[in-house]
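Given only the sequences and the hints, what does the whole structure look like? Please build it.
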Amino acid sequence: MRHDVPNPFMAQCPDGPCPGADATHGADPIEARLLAEFLGEQGGADEARVAEVLRRRIDLDEPVAYITGKAYFWTLELEVSPDVLIPRPCSEILVETAVGHLRKADEPTANADTEASQIIDLGTGTGCLLLAALSECQAARGLGVDLSPAAIRIAARNAERAGLQDRVALANLDFTSPTLAADLAASMPLPGQPARVLMSNPPYITTGEMLDLDPSVRDHEPHLALEGGADGLACYRAIADQIPSLLDAGVLEKGSAIVLEAGSTQALRIAALICEKSPSSTVEIRRDLSGIDRCVKVTLA
Amino acid sequence: MSGSADSGGGEQSKSTSLHTVQEVFRSVSGMVEAVRVKLETRGVREKVDELAKELAREDLWDNPDRAGKISREHAALADMIESLDAFTTAMDNAVEMATMADEEGETQVIADCLSELDQIETQVKRFHLNMLLDHPADRLGCIIELAAGAGGTESCDWTEMLLDMYKRWGEQSGYQSTITDTSPGTEAGLRSAVLQISGLNAYGWAKAETGVHRMVRISEYDSNGRRQTCFAQVNVMPLMDDDDDNFIEIDPADLKIDTYRASGAGGQHVNTTESAVRVTHLPTGVIAQCQAERSQHRNKAMAMSVLRSRLLERKLQAERDARREQRNSLGDNSWGNQIRSYVLHPYKLVKDHRTNHETPQALAVLKGEPEYLTPFMESYLAQTAADEDAVQGGESTSSA
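Those protein sequences? They're chains A and B, same order as listed.
The first sequence lines up with residues 1 to 301 when you count with the UniProt record's numbering.
The second sequence lines up with residues 1 to 400 when you count with the UniProt record's numbering.
Pulled a few chain A residues facing chain B out of the computed Cβ check, cut under 10 Å:
#: 1; residue: ILE30
#: 2; residue: PHE73
#: 3; residue: TRP74
#: 4; residue: LEU85
#: 5; residue: ALA132
#: 6; residue: GLU209
#: 7; residue: VAL217
#: 8; residue: ALA225
#: 9; residue: GLU261
#: 10; residue: LEU289
#: 11; residue: GLY291
Here are the computed distance ranges between Cβ atoms for each label pair:
#: 12; chain 1: A; residue 1: VAL50; chain 2: B; residue 2: VAL216; range: 30 to 40 Å
#: 13; chain 1: A; residue 1: VAL50; chain 2: B; residue 2: THR229; range: 30 to 40 Å
#: 14; chain 1: A; residue 1: GLU47; chain 2: B; residue 2: ASN224; range: 28 to 38 Å
No lab work stands behind these hints, which were simulated from the structure alone.
Just so you know, these numbers come straight off a predicted model, no measurement behind them.
By construction, the Cβ of each residue, glycine as well, lies at the ideal position given by its N, Cα and C atoms.
Structure (C-alpha cells):
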C-alpha cells in the first residue's frame, strides 16, 4: 500500500470505519484506497477527476468495482463491468468446497496431478468461481456458461489475465434450457468425460426483495444475475430438473458434486430441491465467514 | 582505530607501537578465548562430531529433508570452530609480523598489523553477537508492529518515522522489508503499522526493539513551536514459514474464523469492498485480523500468519519471563515499558534505558543506518547474555 501518497478520499473518513460506512454509503478506508489507486493509474487526482469519482460513488451510488473496473477474488484480480455481477467474498467458500472435492476425488489415483478432472460453472459471470478453482488444481479443466454474451467476453479476458485460457472453455447458452445436457456435452473441454464438480452462483434474490435492495446493487448490477423469481429458487429448480438428463448424457456421474451458493435463508430448501431429484445423494451445507449457510454441496449417488 | 604509526619516530615510538600491537593482541585473544570457552561449555565440538557420524551413515539420504538439515547444521557449527581457529592464526601472524618489523624499524608494517588486529576484533565481536542468537527462533524473520501512543498527530508522525527507520534498517542490513498494513492518522502520520522483515536472524536482532520508544523535539504540528514528547509502542514477533511447524502447532479445531463487521444477508444482496477477516485462537483468546489484502482469501491467509507469530511470541515471552525471574536483573522490555529515548531538541541524543548505550547521531539512527541502529540491538543482546552468564556462573560457584 502507498502510505506516502495523500489520499483525497481519506477526508471522507478520518478515523477508520466512518459512521456512514454501511452498505449504503460504504466510504470505508479500503474503498478510499482503491479509488485513490484508480485515480493514480488514470494519471492523477486533480479536482475535477476527484469530483467525478465522488459523484459516481456517492450521488449515483455506483459500486467501487464498476468505477475502477476491477474486483478481487481468491488470489485473482478480475475485470468487471455492469454486465457482470461483482464477485462477493463470501462466494470463496464455494471455491474451497469445489477444490476440496476435486482433491479428494484425486486421492486414490497415484498420478493425481496428471489426472485431468473437469469443472462446470453455470452462470459464470466474471468467471471468478471457475478461475479460482482452476488456479488451485493444476491439471483440471473447466467450462463456464453464461446467457450474457458480454459476460462471456469478460470471462474470456479474465481467463487470459489469470493465465488459464488454455484450460477454460466458455459457452454462451441458457442453463435453464431443457436441452442443457446436450449443450454442455457438446461444449466440454474433455468430451465424453464426466465433470467432477458442477458449481453455480445462480440469481437467488426474490422478485419482492428486488425493490428494497441496496441501490448500489439494484441500480447498477445486472438483474439477470440477481433475480431468482417469486421465491428466488427458479434457477435451482431448473438445475435440479436437469440432474437425471445430465447423468444420462455423461456430463455428471456418481460421485460428482453439485456446489451451489445459497441466499441467507435458502440453503435447506435448495438442498431439498436437489435431493428430490437425486434421493440417495449426500448433502453438506457450509457456512461463510460471516456464519451464514452459504454453500450447498450435493454429492450424487 | 586504537593506534597509528608515527613515521618520524625514533626508538621510543617504535617500541610504543609494538607495545600497542601486543596490548590489542592480548585483549582480542581474551575475547576469542571467552568465545571458545562458551563453545566448549555448550558442547559444540561434541555436537559437530556427533553430526559428522550421522553424515557418514549410509542410509542418510533415505530422508533427504533430514539429511539436508543435518548437513546444514554440521556445516554451520564446523564453520564456527574453524572461524575461531582462523582468528587465532591470523592474530598470531600479525603479532609475529609486527615483532619482526619492529626489529627492522618498519613502522608502516607495524601500523598495518595493528589495523589487521582491529579488523579481527570487529569480526570477533560480530561472531560473538551472532553466537548470542542461539535460540532456534532467532534465525526467523520478524513482524514489527507499531502503534501510536497518546499524543494525537505528534505520536502518529513519530510512528511513521519509526516505521521508516525499521524499513530502511531492514533493507540496508540485507533483509527484505515489506509494509503489510498501515492505518493513517487523522491529520498526518500513522495510528498503526505492520512491517515484515524477512531474512536470516532478523527476529534475533530486532527482538531487542520491543517496548515503548519516546521522541522529544520541537513539534512541526504545534504552531507555538514548543518542545513535545510523544510515544510509540513497538512489538516484534517472529515470522514463521507457512509449513514450519517446528515452533508451534495449532489445532484447527481451536480456531474461530470470521469477518468482523458481519451484518445482514450478505451474498448477492450487498457489494461492499469489505473483506476483512479475524482469526481467534480460542484456548488463549489471542486474536489476529487482516484487512490490508484485497480478497477475503488473502486476508485470511495473512491473519493466520500473524496469529502464528503472536502465539509463538507469546510462548517465547513466557520463556524469557521464566529466565528473568531466575536472574531478576535486566530491565523488563515487555509491552508498556519505555526502552529508548530519541531527543532532537535542545541537543541530539538517542539513549537506550536498559543498556545505557547512546549516540549523538540521532538523525542517522532515525534513517535506520545499521552502523548506528544495530549497536543498540547489539548492546541489548550482549547485556542479556552477560546476565545469563552471571546466573550460570553464580549457580556453578554455589554448587562447587
